[in-house]
Amino acid sequence: MDLYEHQAMRLFAAHQVPVPAGDVAASPSAAAAIAARIGRPTVIKAQVKAGGRGKAGGVRLAPSPEAASALAGEILGMEIKGHRVRQVLVAEASDIVEEYYLAFLIDRADRGILAMFSASGGMDIEQVPASAIVRTPIDPAAGLPPEAFPEALQPVAAKLWEVFVASDATLVEVNPLIVDRSGKVLAVDGKVTLDDNAFFRQDLSDYSTEAEDPLEQRAAALGLNYVKLDGTVGIIGNGAGLVMSTLDVVAGAGARPANFLDIGGGAGAQVMADALSVVLEDPAVKSVLVNVFGGITACDAVATGIIQALELLGDAVTRPIVVRLDGNNAAAGRSLLAEAAHPMVEQVDTMDGAAARAAGLGA
Amino acid sequence: MAIWLTEKSRVVVQGMTGAEGLKHTRRMLAAGTDVAGGVNPRKAGTLVQVKDTSLPVFASVGEAVKETGADVSVIFVPPAHTKSAVLEAVDAEIPLAVVITEGVPVLDTATVWARARNSATRIIGPNCPGLISPGRANAGIIPSDITGAGPIGLVSKSGTLTYQLMHELRDIGFSTCVGIGGDPIIGTTHIDCLAAFEADPATKAIVLIGEIGGDAEERAAAFIASHVTKPVVGYIAGFTAPPGKTMGHAGAIVSGSSGTAEAKKAALEAAGVRVGRTPSETARLMRAVIGSL
Ligand SMILES: Nc1ncnc2c1ncn2[C@@H]1O[C@H](COP(=O)(O)OP(=O)(O)O)[C@@H](O)[C@H]1O
Ligand SMILES: [Mg+2]
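So the sequence lines, in the order shown, correspond to chains A and B.
Residue numbering for the first sequence follows our numbering, starting at 61 and increasing by one per position.
Residue numbering for the second sequence follows our numbering, starting at 259 and increasing by one per position.
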């Protein structure tokens, strides 16, 4: 889960990382009130989960509360990299002397954690040559090696490392980490990603973990692994790789998939019913493809699940469903479905054939 | 032969007494795997009856290794305890630890790997179906009745795509199929498997299955170009995945312009790997390769 900058700032502050004073506002008047409370020039910052806000005009200096109000009015409602701005952070403006780049992240290639530091941080970090970035692998059991950061920054780096570990982050990026005219070090931007796998041991009460998309919200509440896409063929399958592959094969057959939905290993009737109901709730869906390869789960059990799911859903099954069953006990599963002879269900025995049929019905 | 897992392998199961552990211990035994026992400190000293086999439960992996000569551990321990379970296996210097558990925090995996990288233990997973050398042994949850022994080696991030390809090529058979898992940090990579298949006389050709996220496939492609002489056929899943969305596997995410399926396919093709557009086409490509050997 990605955090908004203002959430990252609060997390930093909780670990004694110095950050500018500030608060979030959803209206120009609220922005002006925060700026008045700060009583110094502020920066009005678009809150979207994307970088490059500065270059997109989403970070502006407001010398006064009136300016804060006007700029908040301009920034609220903007679209930055496909994200609508619904809140702004009003933060005390720092008098910047130096801008550094500091990050902790998962290095997949090295199978570990990497610290990155550059003395040339700021909005042009993409143009900084690799030679100007210090990369230091971190053994989490051993902690931060001193060579990762300049000595003056080690206290703040240690606190940011503490943020990374204590909150089970997969990314903590501060760009820029600044030094102001009085010599103070401050994190004036923060990008944090939390590891969904660690939610069981994290207190998430400060964050809304709800997905933005209502269908994704409903699927999550049902415990389904669902991602909303923008096409017309609903997809249900077992196993992340097979479902991704199913999306691709449907796309290759000329239709756009409406979603990713992985029902996992032992998919019983209730899971299948939940899956079908979420997919059919999407008004854009014109056809559904159920693609199951029976590994551990036998296809006759899957077929029984589909039949019971269709009974549970009754009249809600308004669009054609193409089913492909293969693998463990495929013949038994197919004949169960054939006997049930549901008017909206059609079977095709191969993945490519089933994808082509669903695409034909749903393009 | 096969890689890492043969009929001589002796398996212990960490988390054997849990529901999943027990179910798959039964299946591993049924596949002919030499399962020597389980590990659970709270049930140490007891016996667990699995069909007609009575399996001892040991207090630690170290004890299990000492008592039984086990050289493989299969781990079904829940995410909150996976880190300590794998570290226990590493400290016992067991040659192979197969971590089936899904949902392990990546910081835990990073901590484990920092200790394991120069150890005697090869880790496979986490969040993987394990590996099978058909007709010899099964360490994990891959169904053993899909196919038998044969000349194809398979390495995959995805479980069900592994089963799909095993099924499509079931008349030819496999030396070993390794599900390396879909997490951002994994103990055994495509490259490790490619190197082992290249050295394995029983493997004549290799299927490599990848998916979006990271650059493991690109690095595998570079390795193939310089180190693999056996024919490799590839498949990549996730061409239609939008950037920034995690597609089921924790590691399956396109970040900005990196980790895309296009880039992976292009890298593999540049290394001379034939890449199928669908799993079925991938199977057909492999069939042609085997036919021409
Ligand atoms: N509180 C602040 N005080 C002064 N300047 C700031 C402040 N916050 C941001 N800036 C300036 O704006 C630039 C862009 O802001 P930043 O928060 O990094 O957004 P983004 O990385 O999305 O462009 C920074 O590099 C910095 O120069
Ligand atoms: Mg920034």
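Please note that the accuracy of each hint is not assured.
Here are the computed lysine-lysine pairs in the DSS-like style, where the Cα-Cα straight-line distance is at most 25 Å [unchecked claim]: (1) Lys219(A) x Lys244(A); (2) Lys503(B) x Lys346(A); (3) Lys109(A) x Lys503(B); (4) Lys503(B) x Lys462(B); (5) Lys115(A) x Lys503(B); (6) Lys141(A) x Lys266(B); (7) Lys324(B) x Lys251(A).
It is worth saying that the hints were derived from the structure and are not from the lab.
Would you mind confirming whether the straight-line C-alpha gap from Lys219(A) to Lys244(A) stays at or under 25 Å? holds, 15 Å
Hey, Lys115(A) versus Lys503(B), does the alpha-carbon distance stay inside 25 Å? holds, 24 Å
Proposed proximity, Lys503(B) with Lys109(A) (alpha carbon, max 25 Å): Roughly 13 Å separates the two Cα atoms, so the pair holds.
Is the hinted pair Lys141(A) and Lys266(B) satisfied, with a Cα-Cα distance of at most 25 Å? violated, 56 Å
Is the Cα-Cα distance between Lys324(B) and Lys251(A) 25 Å or less? Between Lys324(B) and Lys251(A) the Cα gap is close to 48 Å, so the pair fails against 25 Å, i.e. violated.
Given the hinted pair Lys503(B) and Lys462(B), is their Cα-Cα distance within 25 Å? violated, 37 Å
Lys503(B) and Lys346(A) were given as a pair; does the straight-line alpha-carbon distance stay at or below 25 Å? Holds, at about 23 Å.
When each numbered hint is compared with the structure, violations occur for hints 4, 6, 7.
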